[in-house]
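Asker: Read off the chains here:
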Amino acid sequence: MATQQTRSLARMMMAPSVILLLVWMIVPLAFTLWFSFQQYNPLNPIRDGFVGFANYALFWSNPAFIQSIINTLLIVVCVLAITVILGILLALLLDQPIWGQGIVRILVISPFFVMPPVAALVWKNMIMHPGYGVFADIARFLGVQPVDWFAHYPLFSIILIVAWQWLPFATLILLTSLQSLDGEQKEAAEMDGAGFLARFWYLTLPHMSRAITVVILIQTIFLLAVYAEILVTTNGGPGFASTNLPFLVYQKALLEFKIGQASAGGIIAVILANIVAFFVMRAVGKNLDK
Amino acid sequence: MARAVTTQHKAVATIAAWVVAFLIFFPILYTIITSFKSETEAIAGFNLIPSGTLESYVEVQAQSNYFKFFLNSVILSVGSTILALAVAIPAAWSMAFSPTRRTKDILMWMLSTKMMPAVAVLFPIYLIFRDTGLLDSRIGLTIMLMLINLPIVVWMLYTYFREIPGEILEAARMDGASLWGEIWYVLTPMAVPGIASTMLLNIILAWNEAFWTIRLTTTEAAPLTAFISSFSSPQGLFWAKLSAASTLAIAPILIMGWFSQKQLVRGLTFGAVK
Numbered sequence: 623m624a625t626q627q628t629r630s631l632a633r634m635m636m637a638p639s640v641i642l643l644l645v646w647m648i649v650p651l652a653f654t655l656w657f658s659f660q661q662y663n664p665l666n667p668i669r670d671g672f673v674g675f676a677n678y679a680l681f682w683s684n685p686a687f688i689q690s691i692i693n694t695l696l697i698v699v700c701v702l703a704i705t706v707i708l709g710i711l712l713a714l715l716l717d718q719p720i721w722g723q724g725i726v727r728i729l730v731i732s733p734f735f736v737m738p739p740v741a742a743l744v745w746k747n748m749i750m751h752p753g754y755g756v757f758a759d760i761a762r763f764l765g766v767q768p769v770d771w772f773a774h775y776p777l778f779s780i781i782l783i784v785a786w787q788w789l790p791f792a793t794l795i796l797l798t799s800l801q802s803l804d805g806e807q808k809e810a811a812e813m814d815g816a817g818f819l820a821r822f823w824y825l826t827l828p829h830m831s832r833a834i835t836v837v838i839l840i841q842t843i844f845l846l847a848v849y850a851e852i853l854v855t856t857n858g859g860p861g862f863a864s865t866n867l868p869f870l871v872y873q874k875a876l877l878e879f880k881i882g883q884a885s886a887g888g889i890i891a892v893i894l895a896n897i898v899a900f901f902v903m904r905a906v907g908k909n910l911d912k
Numbered sequence: 076m077a078r079a080v081t082t083q084h085k086a087v088a089t090i091a092a093w094v095v096a097f098l099i100f101f102p103i104l105y106t107i108i109t110s111f112k113s114e115t116e117a118i119a120g121f122n123l124i125p126s127g128t129l130e131s132y133v134e135v136q137a138q139s140n141y142f143k144f145f146l147n148s149v150i151l152s153v154g155s156t157i158l159a160l161a162v163a164i165p166a167a168w169s170m171a172f173s174p175t176r177r178t179k180d181i182l183m184w185m186l187s188t189k190m191m192p193a194v195a196v197l198f199p200i201y202l203i204f205r206d207t208g209l210l211d212s213r214i215g216l217t218i219m220l221m222l223i224n225l226p227i228v229v230w231m232l233y234t235y236f237r238e239i240p241g242e243i244l245e246a247a248r249m250d251g252a253s254l255w256g257e258i259w260y261v262l263t264p265m266a267v268p269g270i271a272s273t274m275l276l277n278i279i280l281a282w283n284e285a286f287w288t289i290r291l292t293t294t295e296a297a298p299l300t301a302f303i304s305s306f307s308s309p310q311g312l313f314w315a316k317l318s319a320a321s322t323l324a325i326a327p328i329l330i331m332g333w334f335s336q337k338q339l340v341r342g343l344t345f346g347a348v349k
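Each protein sequence line maps, in turn, to chains E and V.
Quick note on our numbering: the first sequence kicks off at 623 and runs consecutively.
Quick note on our numbering: the second sequence kicks off at 76 and runs consecutively.
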């Protein structure tokens with residue numbers, strides 16, 4: 623009796639969230655799916671109509687498409703490698719007893735709070751600019767020719783910026799995990815004569831494996847969607863050298879008004895994200911059962 | 076003897092940590108320094124000591140009405156957070172205190188909506204916004220940011236609420252507290268810290284959101300993310316002005332972020348790492 627009442631109350635309390643998210647997910651996605659099978663050009667509506675899988679074929683045959691998928695994956699994999707490896711090293715360092723630990727932590731975590739356009743523009747102009755950037759100053763000091771990073775290594779430049787933004791996140795989470803490692807276990811291993819490397823490999827790394835998984839999965843969600851950093855630095859160029867899938871879809875939709883192709887690209891992005899999401903859910907879901 | 080080694084170890088670790096921290100923080104530090112330079116100083120080569128002029132700050136405000144963008148950022152991030160909390164608190168509450176068999180599935184499904192790539196719905200959302208007149212409106216963008224962060228808000232609140240022991244409720248009930256008495260006098264005080272941390276993290280996320288805020292605004296509702304992005308097509312040299320605008324754009328959130336490190340870990344890992 624009381625439970626019946628509680629249950630319907632619980633349902634009422636949950637309804638707004640569930641309905642909002644349901645509408646927000648289903649309606650636009652249904653539109654996109656529909657558009658992906660249509661010829662639709664708001665500027666030239668004469669030839670509009672159903673075209674089957676033609677948009678997917680067009681998107682697929684576009685040389686920019688393969689390039690954008692490769693770039694998307696390169697950004698994800700390289701940034702993950704950099705942030706996880708440096709993140710582990712940094713976490714190990716910050717876990718040592720040091721003077722001024724609080725301030726060091728604050729300095730290290732700061733880049734995470736910098737909004738993407740600011741991060742990208744600061745790196746582009748103040749650090750990596752071939753004429754006035756700090757890298758150019760260093761190059762001149764060393765007597766070598768300054769490098770025009772965004773013209774010659776566009777994708778590398780973007781990876782560098784994005785890695786700088788996400789290194790704090792990886793470090794903070796790995797450090798949190800490291801600090802929950804049982805001190806007695808460490809001492810016992812030390813007494814048994816295990817060296818630093820052995821302790822790291824057999825004790826610390828397995829302990830951190832869960833946190834590493836979480837870092838990889840959550841960063842992947844965000845790294846698949848890198849956008850503002852490209853927009854304000856290379857604008858996808860030169861050519862398509864630094865165009866990733868989100869950026870290509872944006873160009874198709876809002877600059878070229880090829881809505882059908884853009885929608886096909888969007889659906890492909892959904893599929894890509896779903897593959898990742900599957901693993902994220904499994905990792906997070908396990909935690910719920912505990 | 077052992078103590079001497081420890082001190083030495085600590086000194087080496089300290090130096091290494093400070094050097095690394097300085098390198099990581101350097102781009103931010105250099106931006107702050109450059110914001111106090113004049114434009115000619117800013118491009119005159121590497122220099123860590125600015126003349127201390129405030130002309131860039133004055134000019135950013137005078138030329139582009141900086142304060143309007145700042146105000147939009149505040150309205151959008153705080154507004155969307157309050158809206159999200161209003162929707163999410165009842166949901167998280169009921170899932171934490173009267174879970175059913177389907178609670179876990181619903182939570183998982185909510186999380187999955189967060190993983191939908193924004194570009195996949197860019198054009199439909201753009202159309203809907205255009206046809207309903209929401210394009211470049213604060214209301215439209217507030218709703219948008221609320222929807223984007225709603226899954227994280229529900230999740231974070233849920234993990235906090237779940238830690239409130241159920242026995243306390245039973246004890247209150249035994250003492251004759253009514254349902255509202257229970258909620259108001261027993262649960263609310265215990266839930267406030269969790270709600271506050273959720274709020275803080277969500278404001279940070281909404282403030283820095285840089286896809287929808289750039290694409291769905293032009294002038295009226297444009298927040299700082301859109302304003303800063305307009306600096307990407309340079310007309311002449313603008314290093315000092317860019318630095319001043321950037322410093323103002325990141326300062327409030329940087330300070331909030333420093334206070335929310337612990338909650339950040341928890342919120343962004345959906346409670347998987349504490």
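Among the hints, a few may not be true.
Reference excerpt, derived from the structure (chain V facing chain E, CB under 8 Å, subset only) [as the list claims (entries may be wrong)]:
(1) Leu146
(2) Ile150
(3) Ile181
In silico lysine to any residue, SDA-like type, Cα no more than 25 Å apart, as pairs [what the hints assert, rightly or not]:
(4) V:Lys85 to E:Phe879
(5) V:Lys189 to E:Leu876
(6) E:Lys880 to V:Tyr201
Don't read these hints as lab results, they were simulated from the structure.
Because the structure is a prediction, the values reported are computed rather than measured.
A virtual CB, placed ideally from N, CA and C, is assigned to each residue, including glycine.
Asker: State for each hint whether it applies.
Answerer: Evaluation of the provided hints:
1. For V:Leu146, the suggested interface contact is broken, since its CB lies about 16 Å from the closest CB of chain E, more than 8 Å.
2. With a cut of 8 Å, the hint placing V:Ile150 at the interface with chain E is violated, because the nearest CB-to-CB distance is about 16 Å.
3. For V:Ile181, the suggested interface contact is upheld, since its CB lies about 7 Å from the closest CB of chain E, less than 8 Å.
4. The hinted pair formed by V:Lys85 and E:Phe879 fails the criterion: a straight-line CA distance of about 60 Å is larger than 25 Å.
5. Among the hinted pairs, V:Lys189 with E:Leu876 is consistent with the structure: their alpha-carbon atoms are about 23 Å apart, no more than 25 Å.
6. Taking the CA atoms of E:Lys880 and V:Tyr201, the gap is near 14 Å; set against the 25 Å cutoff, the hint holds.
Hint check: violations occur at hints 1, 2, 4; the rest are consistent with the structure.
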